[in-house]
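Novice: The lines below spell out each chain.
2 protein chains.
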Amino acid sequence: MKLLEDRILRDGEIYPGDILKVDSFVNHQIDVPFMCELAKEYHRLFSDRKVTKILTIEASGIGIACLTAQVFGVPVLFAKKSRTLNQSSDVYSSTVFSYTHKTENHVTVSKQYLLPTDRVLIIDDFLATGNALFGLTDLCKQAGSEVVGIGTVIEKTYQGGGNKLRELGYDVQSLAMIKSMTDDGKIEFC
Amino acid sequence: MKLLEDRILRDGEIYPGDILKVDSFVNHQIDVPFMCELAKEYHRLFSDRKVTKILTIEASGIGIACLTAQVFGVPVLFAKKSRTLNQSSDVYSSTVFSYTHKTENHVTVSKQYLLPTDRVLIIDDFLATGNALFGLTDLCKQAGSEVVGIGTVIEKTYQGGGNKLRELGYDVQSLAMIKSMTDDGKIEFC
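Residue numbers (my numbering), protein chains in the order written: chain X, 436 to 625; chain L, 436 to 625.
Same shape as in the complex, but just chain X (with noise of 0.2 Å):
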C-alpha cells in the first residue's frame, strides 16, 4: 500500500539491532484518521470472508483492530499477556516469545468470548518471526475458530514468519511489506 510505505519512509525511525519504530503512527501514537485508511484496505482485502470477529493483542494491535471492526461492522477480541501461565479452565492459553522483549509471554483469551461458530480476522501491527499471530492461531484451534485471514500492518518479510504462516493456509496480507532494512535507514519494500 503506497501510502503506507511513504509514510514509514518519512516517518520510520531505524535503530541498530534491526529495529523499526513507528511510534509516531502505530506504537505509541496512533494517527487514526490514517489508520483508518489501513482499516478500509482490510475490509478491501478480506469483505466476502464472513468476518464475525477480530482477534488482536494488546496493547499496540488494538487500536487498528477496532477501526478495523468498524469497518467491518464486528466485535474486537483482544488476547491479554501476562507473564505467568494462566491455567484457568475459562481461558484458552498459549506462549509467545516477544523478539523486541526478548520474553516469553503467556496469552489468554476467555472461553467465553472466541467461539467454534467464530470467522476470526486476525489483526496485528507488526509481523516479524510470527510468534504473536503463532499464539493467535493457536488460540482460534484449541477453540474451534476458524482464521479467515490475517492483516498486518508491517511485515518483515526477511523474518520469515509471514511465509511461515502462509505455508500453513493462512492468507496473510500485510499492507507495507519490507524486504530490506539496513541500519544506515535504507528500507527496501517487496
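Think of the hints as simulated: they come from the structure by calculation, not from any bench. Be aware that a few hints might be false.
Copies of the same chain look alike in the list, so a pair counts if it fits in one copy or across any two.
The list that follows gives simulated cross-link-like pairs (lysine-lysine, DSS-like), each with its CA atoms no further than 30 Å apart [as the list claims (entries may be wrong)]: (1) K515 with K621; (2) K516 with K537; (3) K485 with K621; (4) K456 with K546.
We have chain X already, so just place chain L on it with the hints.
Specialist: Only chain L this time, still in chain X's reference frame:
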C-alpha cells in the same frame, strides 16, 4: 447515558471485592459498533474544546480512545505502563497505583508526542479512585499541555476519584455513574 446503563445492567458481572466486569463489551471483547455510540457522545460533550489529541493509557483505554479520535479526527497517544521507572530524558513519567492489580506502575509518554500546544481530551474506560487519570493529567502538566476534558466510560462515584478531579477544575464526563453496587448484583446509577 441510558444505552450504556442498560448494557451494564444486562451484561456486567459483579464479583466480590467491588469488581464490576464488563469483559463482554469493554475490557476484553470490545463491542465496537456499541462503543462507537459512546464515542459520538464524547464528541457531543467535548466538540467545542478544540481538541488536538486524545490521551489514554494502555491497554483497555486504547479501543474507546481510537473510536473517539476517529469522530474528532485527531491522533491518539497512549501512555505506556511499565514496572520499572523509565528515567530517560525522552519521556515524561508518572507513578500510578493500580487498584485492580494492587501494584505500582510507572506510566510514560514520549516528549515528542505531547506538546505545550496540545489541547488534550483524556479518555479511559474506568474511573474509580482516579489514580490512572491523575497520572495522565500529571503527564500533561509536565508537557505544558492543556487538559480540555476527561471522558470515562464507567465511573464508580463512591470511590471518590471523579469528584477529586472535578474539585481540581477538570471537566469529567462519565457516561455511566455508579452510585452503589452490592455483591449480590444490584447496581444503582446516579
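Novice: List in ascending order the numbers of the hints, as given earlier, that are violated by the structure.
Specialist: Failing hint: just 3.
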